[in-house]
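K.L.:
Each chain, written out:
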Amino acid sequence: MAINLSKVSFAYYVPRKKKNIKYAVKDINLSIGDKDEFITIVGHTGSGKSTLVQMLNALLIPTDGCIDISGKIISKKNENKIKLKEVRKKIGLVFQFPEYQLFEETVLQDVCFGPKNFGITDVTSKAKKALELVGIKEDIYNESPFSLSGGQMRRVAIAGILASEPNILIFDEPTVGLDPLGKKELLELLRKLNKEEHKTIILVTHDMEIVGEYSKRVIVLDNGDVVYDGDKTELFKNEKLVKEHSLDLPNNVKMLKVIKEKLSLDNLDIYKYNTYDAYDELKRVLGGNNE
Amino acid sequence: MSLVEVKNVSYKYTNRENALTDVSFNIEKGEFVCVLGHNGSGKSTLAKIIVGLLKAKSGEVIIDGVTLNEDTIDSVRQKLGIVFQNPDNQFVGVTVKDDIAFGLENRNIERSEMLRRIEYYSSLVDMEDFLDKNPENLSGGQKQRVAIASVLACEGEIIVFDEATSMLDPKGVKEVTNAIKKLKGQKTVIYITHNLDEALFCDRVIVLSKGVKVLDEKVLDAFKEKDILKSASLDILDSMKLIELIEEKGLSKGKEIEEILWQLTYQK
Ligand SMILES: Nc1ncnc2c1ncn2[C@@H]1O[C@H](COP(=O)(O)OP(=O)(O)OP(=O)(O)O)[C@@H](O)[C@H]1O
Ligand SMILES: Nc1ncnc2c1ncn2[C@@H]1O[C@H](COP(=O)(O)OP(=O)(O)OP(=O)(O)O)[C@@H](O)[C@H]1O
Ligand SMILES: [Mg+2]
Ligand SMILES: [Mg+2]
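If you read the sequences in order, they're chains A and B. By the numbering used here, the letter at position 290 of the first sequence is numbered 290, and the numbering carries on one by one without gaps. By the numbering used here, the letter at position 120 of the second sequence is numbered 120, and the numbering carries on one by one without gaps.
Bound-form chain B, shown alone (with noise of 0.2 Å):
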């Protein structure tokens, strides 16, 4: 049994075109999986739809082996945490430490490792001088960066980040993508990104294209789908271009510096 079962989900909103088409997958506990797809695709779509704030109009989604439905969502909501796109969704504190303490509240954590939890995820995002500070009044970034501690706070067991990083500096990206591949093994991780860069540290790249499945590969493998990509409004990796204008057009060492390219791409 996989720890995500998504099972031909549609999903269409009041006069719209479909958003989703019977989209299927499964996602195995401690994987991490990447979903890509151009604008209006329905990526945030069906991140809402597997942590129940949507609920598909056809077909169903299991979270550890526990069928989302209405009886069911409250207690399996305990395992789930969305990041959500627009940061300012999801602040209910009024201050950065009441918003990273609410979640934890709600999970009955004790309060010694509430304090605990708030230090260590307040730090881990550089924002531990901003705890007293309205999360309305601060900055795009920083803005991400509590969200993010939030629903890390919480410690679910399946974790969304629905375009988390998008307004972090390079350094900041760095940093939290480095903390969220620190979950590797023990967190389920569905990443929701435009930036191909991000998806090299994932498992699995599942894109979406007009609401369907269009690919779900390892990763390296993915990129390698360049007409699937292009269709999808998507790109190939900046490396992989350089590799493919040496094949086409020639380079004396060539084989040497694709070599080199290779690997660069794997070490992400």
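Extracted from the complex, chain A is given alone in its bound form (with noise of 0.2 Å):
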């Protein structure tokens, strides 16, 4: 089982002479496993990554090419016949800009609409518990979620989703707005989705940070292609791609890669992510005691 793209391609607007029609994504063919994943997707500004992922839950059709969720096709020809909810309730998207996806009169209630919306039992609790997980207090469950900080709304859309429990869970850019420690949750939690309860995790993010010490996979877009999807070690070690494509490396990466040079340690393993990978590559090369 699994998500299948294949030539999957797609226009905002189609021309009436198709030659001159512009795509925000092209001819993409991709596999994703609906366990176990936890991918990145990168790129430069405007290269295809909102519009890719909103196709994965047929927010948006391809205007070519198809899409096969675990035997249900999603193409422009059978537009119609497409049991959305269906789609929806297996992959949850929350979208980069949260706004635009809470609508209820009350934090709770916009909550509750989506598991409610896919009859799921349990609906406030569950709410309150990812509203819980979130880190978003019961003294604004009553207040309208347009009356929130920045980080306030984007931590209820997440909420939202979580709340739905489906089996991939899509984010783009979620940790826009997020102050460190909201953002540092967050990632912990999905880890945890990830590892224990085998949900796929699809992140758009232009956080390095993130590819680094979370992703197993990444992709990475280019006006609309796919111009890398493998291993994130792999991709930051092709320092060629990673400029070319506007990216960078993650911090310590950069830190450990200054060391290596100025200290001539030649077998440093600089591809450590976080701070006690970092220094435990430091101690194996160099030893521990203070000289």
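Worth double-checking, as some hints may not be accurate.
Pairwise CB distance ranges, derived in the manner of DEER restraints [what the hints assert, rightly or not]:
| id | chain 1 | residue 1 | chain 2 | residue 2 | range |
| --- | --- | --- | --- | --- | --- |
| 1 | A | 188 | B | 55 | 35 to 43 Å |
| 2 | A | 267 | B | 113 | 54 to 62 Å |
| 3 | B | 129 | A | 17 | 17 to 25 Å |
| 4 | B | 64 | A | 237 | 49 to 57 Å |
| 5 | A | 269 | B | 24 | 46 to 54 Å |
The hints are simulated quantities; they were obtained by calculation from the structure and are not laboratory data. In this text the structure is predicted, and so the values were computed from the model without any measurement. Where is the CB? At the ideal position from N, CA and C, for every residue including glycine.
Now that you have both chains on their own, put them together as the hints suggest.
P.N.:
Written as structure tokens, this is what we have:
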């Protein structure tokens, strides 16, 4: 079981002369497992990331090509036959701008909407649990979601998807606007959902720390094309590619790289993605005693 | 006299707890001040009060010697610019070009200068090929780039950036922050962000927590206040985390490595 994209293209506007068409995403072939994957999607501003993930939950229908979600086909041809609710129950998406996801009168009602709509039981208790997980306190349950700060809105939108318990969770730049603690808590939560409940997690992000520390597989888009799909460390090792596609190295890798050069530590592995691993690697090569 | 004086400002939205409580600070002309704080700490509220979009419930804001109020706001606003947290709240034009032009028309900039600025600022943010597009039909990062261009084009004296680069790719962040850095000494900048690395190009850091100012320090000193930062849901720089671990656990050549890490931090 998986999501398979074959020759998927999307254009926001189809002109009468089809040869003038401008695709936001073109000719994409991808296969995404519906369990255990942790994927980040990265790439330059306007490269097609949001367009791609909106197709994955049938918010946008491919202009050409088709998406096969465990045997259910999504394509222009059978647009009217697609059971949208079924797709979205399985595959949840949090938008890049959470403002456009929120619409109910109160925060709590908003988070209840998804699970209620998908016929899930214990809606209110699940919604409350999700709100707690994203750090939203009871005192604003009854406020309008539109009276919240940017980061609070983001948290509420994320809670709505968590409460709906989809198999595949897709987040479009979920850590934008979150404070450092909120970001860390969210990512640890996603890691746990991935490890313990085998959920597939897909994150669109510009944050190389997240790519390094959390994802297994990384997909790079450029101008609507998939230009890389594979292991994150292999990507970071290819610095030409990193540069060409407006990316960067994670902070710990950058630091280790400079240390390696300055101290000529030939066998230092610089591809470490958090402080602890970076320290352990330095210790492995240098020894742990202060001189 | 400081260029911006925030004096005992408090603010409360109806039926909510205080969003800001008795916040005071001054900003000198040419200074870059970074504002950090947890979600809901009052950063955007403070930004809107400084540019006169919200009125403080008590206390006052003085810009270049003039106290903000209904009578003075129209003239003072010419000096102020703000890039909103959500770029969609910024757009007024049906094309990118109109959008940049709008603020300039309001400032009675003459046409040839207007065209020059549209060209200059749209290419500064790499959006010169999108001038005829509707800002609503752009990607998130493209919207942010346009919002930044529209505000920079007005060349106001004081510019507030409210998480203005949060959706840009790493190269885009570098380009835009380099462009902002070039304004050092000429413009006064209030830079709201959650990205600690971006705080490094500012002179000073103010931290809000639950609407209260809990820290106001020169930038590198601010990052030494670990406890205050942690209690405000913030963090310290990755370089400092590694230095801390080396000091705690020991490492041969540790001192040399710490020196390298400090240099990397200062370079930014
Ligand atoms: N329009 C509004 N109506 C009622 N309450 C509001 C409104 N806007 C903000 N608030 C509340 O005021 C407090 C401060 O919000 P503000 O937007 O200033 O925070 P912030 O520091 O910018 O947060 P973030 O990092 O999430 O953007 C929050 O508790 C928020 O819920
Ligand atoms: N509603 C729309 N109408 C027309 N064109 C659009 C629309 N949304 C996006 N586009 C265009 O499609 C292309 C891909 O946009 P998309 O939003 O998928 O990019 P992205 O990779 O998510 O970028 P970002 O990192 O800036 O969010 C861009 O050139 C953009 O201008
Ligand atoms: Mg996007
Ligand atoms: Mg804000």
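K.L.:
Could you run down the list of hints and mark each one as holding or not?
P.N.:
Comparing the hints with the structure gives:
1. Separated by about 40 Å at the C-beta atoms, residue 188 of chain A and residue 55 of chain B satisfy the suggested range of 35 to 43 Å.
2. Taken as a hint, the range 54 to 62 Å holds for the pair residue 267 of chain A and residue 113 of chain B, whose Cβ atoms sit roughly 59 Å apart.
3. For residue 129 of chain B and residue 17 of chain A, the hinted distance range of 17 to 25 Å is satisfied, since their beta carbons lie about 21 Å from each other.
4. Between residue 64 of chain B and residue 237 of chain A, the C-beta spacing of about 52 Å keeps the proposed range 49 to 57 Å intact.
5. A beta carbon spacing of about 50 Å between residue 269 of chain A and residue 24 of chain B agrees with the range 46 to 54 Å that was offered as a hint.
The earlier numbered hints are all upheld by this structure, with none contradicted.
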